[in-house]
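Assemble chain B with the ligand onto chain A, guided by the hints.
Here the protein sequences line up with chains A and B, keeping their order. Quick note on numbering: the first sequence equals residues 1 to 208 in this note's numbering. Quick note on numbering: the second sequence equals residues 209 to 672 in this note's numbering.
A portion of the hints provided could be inaccurate.
Pairs of lysine-lysine, DSSO-like flavour, derived with a Cα cap of 30 Å [claimed, not checked]:
| # | chain 1 | residue 1 | chain 2 | residue 2 |
| --- | --- | --- | --- | --- |
| 1 | B | Lys233 | A | Lys4 |
| 2 | B | Lys384 | B | Lys413 |
| 3 | A | Lys193 | B | Lys384 |
| 4 | B | Lys510 | A | Lys193 |
| 5 | B | Lys361 | A | Lys193 |
| 6 | A | Lys40 | B | Lys249 |
| 7 | B | Lys384 | A | Lys4 |
| 8 | A | Lys4 | B | Lys374 |
| 9 | A | Lys168 | B | Lys361 |
It is worth saying that the hints were derived from the structure and are not from the lab. Note that this is a predicted model, so its numbers are computed, not measured.
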Amino acid sequence: MSAKTDILKSIRQSVGEDRGAELPVNRDYCTSLGLDPEAKIHLFIDRLVDYNATVYRTDHAGIAATVAEALGVRGKRGLVIPSGLPSEWLPNGFHFTVDRDLDYDTLDAAEGALTSSTSAIAFTGSIILTHSPAEGRRAISLIPDYHLCVVFESQIRETVPEAIRGLKDRRTSPITTIAGPSATADIEMMRVKGVHGPRTLDVIIVAA
Amino acid sequence: MSIRVGEAAEAPDFRQAAHALLANKQVRANVRRATETIRNKRANVVGEMPDWEQLRDSGRAIKRRVMRNLDNYLEQFEAACTMAGGQVHWARDADEGNRIVTQIIQSHGQKEIIKVKTMTSDETQLNPHLEANGITPWETDLADLIIQLGHDKPSHIVVPALHKNKAEIRALFMEKMGLSDLGTRPEDLTAAARTYLRERFLRVKVGYSGANFAVAETGSVCVVESEGNGRMCVTLPEVMITMVGIEKIVPSFDDLEVFLQLLPRSATGERMNPYNSIWTGVTPGDGPKEFHVILLDNGRTKVLADEESRETLHCIRCAACLNICPVYRQTGGHAYGSIYSGPIGAILTPQLQSMEHSQSLPYASSLCGACYDVCPVKINIPEILIHLRSRIVENGDRGAAERIGMRMAAYTMSDSGRFSGAQKLVKIGAKPLESLGLPGWSASRDLPAIPKESFRDWWKKNKQ
Ligand code: SF4
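Bound-form chain A, shown alone (with noise of 0.2 Å):
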């Protein structure tokens, strides 16, 4: 018999009469906070910058001058961009190089990554990449270790739930959440920013 006959089998030898009619399941948490939209922004931020973010609010129009400023603070002269990133977020005066599946080495010397995001969650301070376009694929936000990331104050959800259930037609994508720079507690439970993942995460919030 194969492997998965008599696993399968042995589930039901397992379980007897128990199994059939599923059980019900109470749902009966918070999906939402009720929160005002600025009191849920305000929350959101608060989360990032608990996790060392740096935020930058501004509008649409005002996209490209503050991806200018970010980069000015962080003495960036360029950054790797997915090809559906909108050219409007990109300010004169820097470099970008637009991912055409460049090899990890290159990613490895990029100084950074721009990309947009899918949803958020104030509650957590989780950004959520579904690898869209304009996201770009797993590994550019991965391999440079800078990420710059724009969230629109209308993707911004409020509580895990509420982001889990938005996903709807994203879920079979690759999904990365993102709650600040990567870091590890493995060391007398210190918590050290910057392992592997990148170590500075800047977020620019835009107004809807």
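Leaving out everything else, chain B with the ligand in the frame of chain A:
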């Protein structure tokens, strides 16, 4: 069948192992400090949740639903994952799982893999198996790297090197990474690990992971982590292999909304861990070109058979029960002789081995109930401990019954405040011992007569 849980079948019994470890002051200090830190962090972020109890109830209900129809959910997962371009394999036991992994690696002519932290591969002893076949596994989780470089054993299910302090890690890194100088701050040590592993992340062609959750509805797999090594391992290689215990299935994608709240807060005391990776099959142009999932039984379907202890399989490996346990905090993880330590290890390890090994573990507890209180999926560990004790005795294993003298060790290690409650529970678990020719045990401990009611009834009346 060769069901294996690490090296648990050969491990000395808990009392012996604990005795030796209690003498190691450095380890005890490291363990005490680390568990205290996580406990406090957990308490803070759990305390701020208005709906923690509701989340626990939902988590438990979802897991119960899974166990009752596990066969259906596994087949559903297989179909969805295959549709998305993944390849699903089934493994009855540790050897079969390891063999499948080796075959995949060899079919690509590769000699190295990068691994993200997974308990399941410790369970199947994958690394020694790979090494025997000429394949080098690189552990990439900082703690696992520390364990691997030091030829050590994990002592905690979330922070496996928690028994090591900064100075010990620094000395190890200098020696094994060939560094003539290295700073003393944790930042310096993590920077050394970053440099050491970066080249491997970019070069090695096969990645390996476990899974925290596997979604039946979509065929998706979820890896929860902090350092970014998980993202590296599941994204950069050309071939990806994931071995997952069959109990890690959740029915629907939306079920993640419950567990992605329960797990980080319970495990590391964070509102959310830095990174979660969720992927489904293969995605052209993004990540590995080939994805294999191995669904591992290794004793799990047998654990399902005992209705009273089935919920052992609900565990999401958060380690909150280890950090709170007065016995674990004194002995550390190595005393349990298994990669699964602490209260969950005490119930899981012997059951996976069909109660044929590790029979001292259900006695490695003072039954204070703290593990039940912190468990994010409400596994009633004390009740299962008692139940397993009675199973051991019913099996007529006198050897085990005699070894039960070790319960004394567990007592003296527990807080005195919890001790009186513990006595009440222990004597019920001890009842069958008297019929095995160990009379007078409860009398010598000056306990009142054993109540006639069942443990379940007693528990309901006294605990709830
Ligand atoms: S038994 Fe519960 S508390 Fe212990 S590791 Fe598993 S889920 Fe966490």
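| task | Would you mind confirming whether the straight-line C-alpha gap from Lys384/B to Lys413/B stays at or under 30 Å? | result | holds, 24 Å
| said: Lys510/B and Lys193/A were given as a pair; does the straight-line alpha-carbon distance stay at or below 30 Å? | reply: Since the Cα atoms of Lys510/B and Lys193/A sit roughly 43 Å apart, the hinted pair is violated (cutoff 30 Å).
| query | When you check the alpha-carbon spacing of Lys384/B and Lys4/A, does it fall within 30 Å? | reply | violated, 42 Å
| Within a Cα-Cα threshold of 30 Å, do Lys40/A and Lys249/B meet the stated pairing? | Holds, at roughly 24 Å.
| Given the hinted pair Lys168/A and Lys361/B, is their alpha-carbon gap at most 30 Å? | violated, 42 Å
| field | Hint consistency between Lys4/A and Lys374/B [alpha-carbon to alpha-carbon, up to 30 Å] | value | violated, 46 Å
| query | Does Lys193/A lie within 30 Å of Lys361/B when you go C-alpha to C-alpha? | reply | holds, 26 Å
| query | Within 30 Å, alpha carbon to alpha carbon, are Lys193/A and Lys384/B? | reply | With Cα atoms ~24 Å apart, Lys193/A and Lys384/B stay inside 30 Å; holds.
| Does the structure keep Lys233/B and Lys4/A at a Cα separation of 30 Å or less? | violated, 48 Å
Checked against the numbered hints listed earlier, the structure breaks hints 1, 4, 7, 8 and 9; every other hint is satisfied.
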